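2 protein chains.
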Amino acid sequence: MNAAGKEILAGNTRAAARLMRDLDDEIPAAIRTLKHLYRHTGHAYILGVTGAPGSGKSTLVNRITKHLRKRGKSVGVVAIDPTSPYSGGAILGDRIRMQEHTLDEGVFIKSLATRGHLGGLSRSTIDIVNVMDAMGKDIIIIETVGVGQDEVEVVKVAHTNLVLVVPGLGDDIQAIKAGILEIADIFVINKSDRDGADKAKREIETMVSMTSFMEGEWKPPVLSAVAATDDGTVELLKAVDRHREYIFQEGNLSRYRREKARVELVEILKTRLIEKAVSDLDAHGLLDPLLADMANKRKDPYSISEKVVNHSFAFHFLNGGKKKPIKGKGSPR
Amino acid sequence: MNAAGKEILAGNTRAAARLMRDLDDEIPAAIRTLKHLYRHTGHAYILGVTGAPGSGKSTLVNRITKHLRKRGKSVGVVAIDPTSPYSGGAILGDRIRMQEHTLDEGVFIKSLATRGHLGGLSRSTIDIVNVMDAMGKDIIIIETVGVGQDEVEVVKVAHTNLVLVVPGLGDDIQAIKAGILEIADIFVINKSDRDGADKAKREIETMVSMTSFMEGEWKPPVLSAVAATDDGTVELLKAVDRHREYIFQEGNLSRYRREKARVELVEILKTRLIEKAVSDLDAHGLLDPLLADMANKRKDPYSISEKVVNHSFAFHFLNGGKKKPIKGKGSPR
Numbered sequence: 001m002n003a004a005g006k007e008i009l010a011g012n013t014r015a016a017a018r019l020m021r022d023l024d025d026e027i028p029a030a031i032r033t034l035k036h037l038y039r040h041t042g043h044a045y046i047l048g049v050t051g052a053p054g055s056g057k058s059t060l061v062n063r064i065t066k067h068l069r070k071r072g073k074s075v076g077v078v079a080i081d082p083t084s085p086y087s088g089g090a091i092l093g094d095r096i097r098m099q100e101h102t103l104d105e106g107v108f109i110k111s112l113a114t115r116g117h118l119g120g121l122s123r124s125t126i127d128i129v130n131v132m133d134a135m136g137k138d139i140i141i142i143e144t145v146g147v148g149q150d151e152v153e154v155v156k157v158a159h160t161n162l163v164l165v166v167p168g169l170g171d172d173i174q175a176i177k178a179g180i181l182e183i184a185d186i187f188v189i190n191k192s193d194r195d196g197a198d199k200a201k202r203e204i205e206t207m208v209s210m211t212s213f214m215e216g217e218w219k220p221p222v223l224s225a226v227a228a229t230d231d232g233t234v235e236l237l238k239a240v241d242r243h244r245e246y247i248f249q250e251g252n253l254s255r256y257r258r259e260k261a262r263v264e265l266v267e268i269l270k271t272r273l274i275e276k277a278v279s280d281l282d283a284h285g286l287l288d289p290l291l292a293d294m295a296n297k298r299k300d301p302y303s304i305s306e307k308v309v310n311h312s313f314a315f316h317f318l319n320g321g322k323k324k325p326i327k328g329k330g331s332p333r
Numbered sequence: 001m002n003a004a005g006k007e008i009l010a011g012n013t014r015a016a017a018r019l020m021r022d023l024d025d026e027i028p029a030a031i032r033t034l035k036h037l038y039r040h041t042g043h044a045y046i047l048g049v050t051g052a053p054g055s056g057k058s059t060l061v062n063r064i065t066k067h068l069r070k071r072g073k074s075v076g077v078v079a080i081d082p083t084s085p086y087s088g089g090a091i092l093g094d095r096i097r098m099q100e101h102t103l104d105e106g107v108f109i110k111s112l113a114t115r116g117h118l119g120g121l122s123r124s125t126i127d128i129v130n131v132m133d134a135m136g137k138d139i140i141i142i143e144t145v146g147v148g149q150d151e152v153e154v155v156k157v158a159h160t161n162l163v164l165v166v167p168g169l170g171d172d173i174q175a176i177k178a179g180i181l182e183i184a185d186i187f188v189i190n191k192s193d194r195d196g197a198d199k200a201k202r203e204i205e206t207m208v209s210m211t212s213f214m215e216g217e218w219k220p221p222v223l224s225a226v227a228a229t230d231d232g233t234v235e236l237l238k239a240v241d242r243h244r245e246y247i248f249q250e251g252n253l254s255r256y257r258r259e260k261a262r263v264e265l266v267e268i269l270k271t272r273l274i275e276k277a278v279s280d281l282d283a284h285g286l287l288d289p290l291l292a293d294m295a296n297k298r299k300d301p302y303s304i305s306e307k308v309v310n311h312s313f314a315f316h317f318l319n320g321g322k323k324k325p326i327k328g329k330g331s332p333r
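Residue numbers (our numbering), protein chains in the order written: chain A, 1 to 333; chain B, 1 to 333.
So that you can see chain A by itself, here it is in the shape it has in the complex:
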């Protein structure tokens, strides 16, 4: 373990912030540190908080953070913020959010902006969660709008996922509710003092009741809250505790850990593969001519992708150099 890694394991906020910045800048030494830190992860409890714009996510996350601090828990917050580097929104967001907790060493808040065109938001989120975990944060909150596919996927690394719904945000919201039913462990009707709160609660309860659950499987409760006035936060945290007991049951925990590993590997590998493919194509002087051929319809992206993919991957090295017989033929497409 290098010096930076040791400082982070000791909980040094400044060292952790520096590592996150260096990971953003893709500095090779930072990724080496992260590799070493990984074995020290797995101790934090990860909480996902997902809700559409205007659903009061940030307010709720601040409330939850305060309650957890009162319990003596250290907290890390990763806010996935769909602003671009262009606007500098994320940095500004960091500053605004930090105000309340700025003098509290037990709270670490990091906002993530949209990354470049090759993706990477999910990988960055995973990186930051792992750094906070290695730092020794007791609870890490991932705050996301949860609409994009990557955002829905990445919160699968959470032990418990809260999904926020607000009354009267229009018809489209119904579609979102349906889409994130799969990831919701606890539903929260926020701003439940508003008109339509009972209707929204009933709708989600109906949706949950129409789902078939296995014997002993967790059934998402539907809670009400007004984050702005702290109403309902305590009950919400009790529900999180109940879900924590559920997820820590023998079979559930190993299933969660495997799923977390899968999401981590897929998201990290996905970004690295496309980065390397594009940079290699460019380094070989192939990218520009290929794009020109596509623009002129002399080549199509499907055939190009097929060729690149068919000439990739040789995995026996992962197996200590021994070649193993291939069990299947892999994806046809």
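Please note: incorrect hints may appear among the correct ones.
The list cannot tell twin chains apart, which means a pair is met if one copy fits it or any two copies do.
[Said to hold, decoys possible] Here are the simulated lysine-lysine pairs, BS3-like style, with alpha carbons at most 25 Å apart:
id : residue 1 : residue 2
1  : Lys156    : Lys201
2  : Lys201    : Lys219
3  : Lys35     : Lys307
4  : Lys35     : Lys297
5  : Lys35     : Lys6
6  : Lys238    : Lys66
7  : Lys6      : Lys297
8  : Lys156    : Lys238
9  : Lys156    : Lys297
10 : Lys201    : Lys238
These are calculated hints, taken from the structure and not from any lab test. Since we're looking at a predicted model, the values are computed, not measured.
Starting from the structure of chain A, add chain B where the hints point.
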């Protein structure tokens, strides 16, 4: 060109719907058809319509479609719907949306649900846009919430991007507005009969005015509309026509075509690479042990990804088999 491809080029809706279904099921013959169809694409005008849940996207898209049909244009609509296959939301959505235009052969509506955990929503969108383009649709509308990174990326294939904003959706909406400024060609304040519409309009105008544009560069206008009553749709379409004139200027069109090719190649290649990597790892019997090693912290996902990536890609085959000297060293990470 095979029989299915010929039918699609002749504008046959049934054949196109069948191909889209087969692409969903990853049937190899379907992807072969798509390869052949690609050279017949590039004739449709692609319009992106992006807005948060509750912003009235679907209503506006229906209005635009009606106006375009009156002008005698054929229309394709791809709605990126964040519901999951789990809820059947997309299929239901298709049915609801189709009602109004169901007897009109000139309109083709396709809703896309979230794909599996390896991504693929962007690739599916591109596939469907290309099929509709090859069918001869004059205008293709991509409707998206535009919050996820993939969703923001994929609308870059559009010639013109409309971004919808609704007054009074809370603070979070500001972040989204900033994030999509990069892709917006035209801003639309929808539901502009609501309180706060003037404020929202001024805010966005201020944001645009704070941006520096090059001489002759397109500056996004900020329009007002009430899609529910069709107010403002005609003016909106006039602005689209003006942007069309702009984008069809010599240098702009070639830049757009190259950018479209880049997005297509990256999105298609990205999905194929991770699919192939995971299926190959699995076929070699490596995936489960790797995930178990990660769960036990004996291996980390960064080192695994690095090994996989370093043993991938050999691009000289794309160059007719000739090996070219490598210009750069590629991405360090």
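Each hint tested on the structure:
no., hint, verdict
1, Lys156 with Lys201, "within (24 Å within a copy, 37 Å between copies)"
2, Lys201 with Lys219, "within (15 Å within a copy, 44 Å between copies)"
3, Lys35 with Lys307, "between (32 Å within a copy, 13 Å between copies)"
4, Lys35 with Lys297, "between (43 Å within a copy, 10 Å between copies)"
5, Lys35 with Lys6, "within (13 Å within a copy, 52 Å between copies)"
6, Lys238 with Lys66, "within (15 Å within a copy, 51 Å between copies)"
7, Lys6 with Lys297, "between (54 Å within a copy, 18 Å between copies)"
8, Lys156 with Lys238, "within (21 Å within a copy, 44 Å between copies)"
9, Lys156 with Lys297, "between (40 Å within a copy, 18 Å between copies)"
10, Lys201 with Lys238, "within (19 Å within a copy, 43 Å between copies)"
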